[in-house]
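Undergrad: Could you put the whole structure together from the sequences, leaning on the hints where they help?
Those protein sequences? They're chains A and B, same order as listed. Basically my numbering = 1-based index in the first sequence + 4. Basically my numbering = 1-based index in the second sequence + 18.
The hints are simulated quantities; they were obtained by calculation from the structure and are not laboratory data. The hints are all genuine.
Going by beta-carbon spacing under 8 Å, a handful of chain B positions derived as facing chain A:
#: 1; residue: C50
#: 2; residue: V57
#: 3; residue: L61
#: 4; residue: A62
#: 5; residue: R77
#: 6; residue: V79
#: 7; residue: A80
#: 8; residue: L86
#: 9; residue: L87
#: 10; residue: V93
#: 11; residue: R94
#: 12; residue: A103
#: 13; residue: C107
#: 14; residue: Q108
None of the values given here were measured: they were computed from a predicted structure. Even for Gly, the Cβ is constructed at its ideal location relative to N, Cα and C.
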Amino acid sequence: MGLFANLQASLNALNAFQQSLTVAQNNVSNASTPGYAAQLATLNALPFQPQTGLTGGVQAGAPQSTRDEYLEQAVRYQQSTLGSFTAQSQALSGIEPLFDVTGQSGIVAALNNMFQSFSAWSASPDSAAAQQNVLSSAQDLGMSFQQAAATLSSVTSNVNNNIDSTVSQINTLATQVVNYNLQQSQQGGTANSGLDANLHNTLETLSGLAGITARFESDGSVTLLLGGQTPLVIGSHQYSIQSSYSGSANPVNPNAPPAAHIVDANGQDVTANVVGGTLGGLLTVRNTVLPSLQGDSQQDGALNQIAKQVADRVNQILATGLDSNENPGTPLFTYDASSGADTAQTLAINPNITPDTLAALDPGPPQVANGIALTLSNLGNSTAAADTIGGKSILDFLSAQTQIIGQQSADATSGQTVAQQSVTQAQAMRTQVSGVSLDAEAINVMELQRGYQAVSKMINVIDGLTDTLINMVTTP
Amino acid sequence: MTLKERCQAGEAKLEQVSTALLDPRPEILDRCEADLREVITLLAGEPADSSAPPAISNRPVASDKSDLLRFRRRVRLLALQVQNALNLCQGWVQLGLSQGYTDQGRPAMPPSEPLASYEV
Chain A
5 MGLFANLQAS LNALNAFQQS LTVAQNNVSN ASTPGYAAQL ATLNALPFQP QTGLTGGVQA
65 GAPQSTRDEY LEQAVRYQQS TLGSFTAQSQ ALSGIEPLFD VTGQSGIVAA LNNMFQSFSA
125 WSASPDSAAA QQNVLSSAQD LGMSFQQAAA TLSSVTSNVN NNIDSTVSQI NTLATQVVNY
185 NLQQSQQGGT ANSGLDANLH NTLETLSGLA GITARFESDG SVTLLLGGQT PLVIGSHQYS
245 IQSSYSGSAN PVNPNAPPAA HIVDANGQDV TANVVGGTLG GLLTVRNTVL PSLQGDSQQD
305 GALNQIAKQV ADRVNQILAT GLDSNENPGT PLFTYDASSG ADTAQTLAIN PNITPDTLAA
365 LDPGPPQVAN GIALTLSNLG NSTAAADTIG GKSILDFLSA QTQIIGQQSA DATSGQTVAQ
425 QSVTQAQAMR TQVSGVSLDA EAINVMELQR GYQAVSKMIN VIDGLTDTLI NMVTTP
Chain B
19 MTLKERCQAG EAKLEQVSTA LLDPRPEILD RCEADLREVI TLLAGEPADS SAPPAISNRP
79 VASDKSDLLR FRRRVRLLAL QVQNALNLCQ GWVQLGLSQG YTDQGRPAMP PSEPLASYEV
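TA: Put into structure tokens, the structure is as follows:
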């Protein structure tokens, strides 16, 4: 083998070795890079045929990624679960105070106060103070329902904004995946640790926003599906999703907030395919929890049911009584009856009612001076069919709603905690396999360093010995 | 065994070492160290059996000079390869342990002996 061949082999060798250490250096530099998976250097033997000029030696092959797609999927799944619970927990935290389980505030307190004022009025049916107290507490109850309805409307608006924003983020991240596919295509599908890290970081972020399926194609590109069915990215094509808000055909409550929908690039409703992630959590709150309280095009909602039942029954009972002037009772409450979903937000005290028009007297027979007031004071716990909502007394129904909201909120919060732990665990497992252990790598390299130092000393000895021999020739 | 033959055998060993060093594992480096000891033994002309008398052709003659120079060139190429590996290891450790950097984030190399320059 000639000098040139020797030099070539050495050059190959140096390059290959340098690349091996470059891979290690790259691993260390990217130890904190989101989505980065450690790379392994590979060395390929070169053919050794001196007669044909093949100098042998080795050359560096393409670095191999230690990424484990199974663990990546595990992390993405947990991120999706975490995103859903976090979104639900945040949205429900704005609703829960409306149904205060302690009964110290909100509708529960206002309703209890009103029934107590009825009770006090029944004890002193001619007392102007008791009558005024009834009107004040009724006014407070109306305002309480209006505030609750306004709060729910505000939460709905916030959730809508978050849905729009999340959809926008999903489309932006899908664009990044398209760019990755384009770059992969330009590089002929060759692995690139930087692109790979960016992609997996993007996929992890996307998973937090919505349940996605990432399929790695043979050409190196990634196909992205929403909920495993709706295409977001195929090769270099992006299929953007959109949010829309529309009620059902033939609505019972035309003024109720329309449901939120996610539509694909063809305008098809794919809301059912959105499972998990922030978007999934927001849609659950927006299309299930909020309508159950404030109503939608097809249902009145629990808040409106309670407001309507209280207002209607109080007005009906008062109408059967007589006031101090023996006139028929005046309705205590008014509300917009045109839509069942508007009751709570329009519930108010009748502007024409005055303390002396409150009808406490039950004309009977037998006539009872405080009969109506007494009946009203017991209305909250009455299980008479006319007084109940869904077979429950008004206060029991309200209590059940409070428990439902409290349970949903608690479930979301505990789910968020568990999901956060699961994400951390899945990420730790992934790090075990594809992360970079600085300690392990440092120990390895320091061992190598010691080995090379020993070899270097040996070479110095050989070099010195060779010099001596050469000197012996020149100075016989 | 003539000095020329010993130089050729030594070169072959150096070639093996150069290739083996590309697989950076401690056990490989240990093997390289053993191979280099053999090269020293070869060059010194010491027989494998230490009780035997040294080879007659131990002393180099003028015609051996070109072989020796070629051999020395190969030794120094290997020295460069190892030095390069050592430098990379040192940089890697610095980077990995985040030590040896100035406040401006530039590597602060530890003071060391000036490296010998090699004629290759």
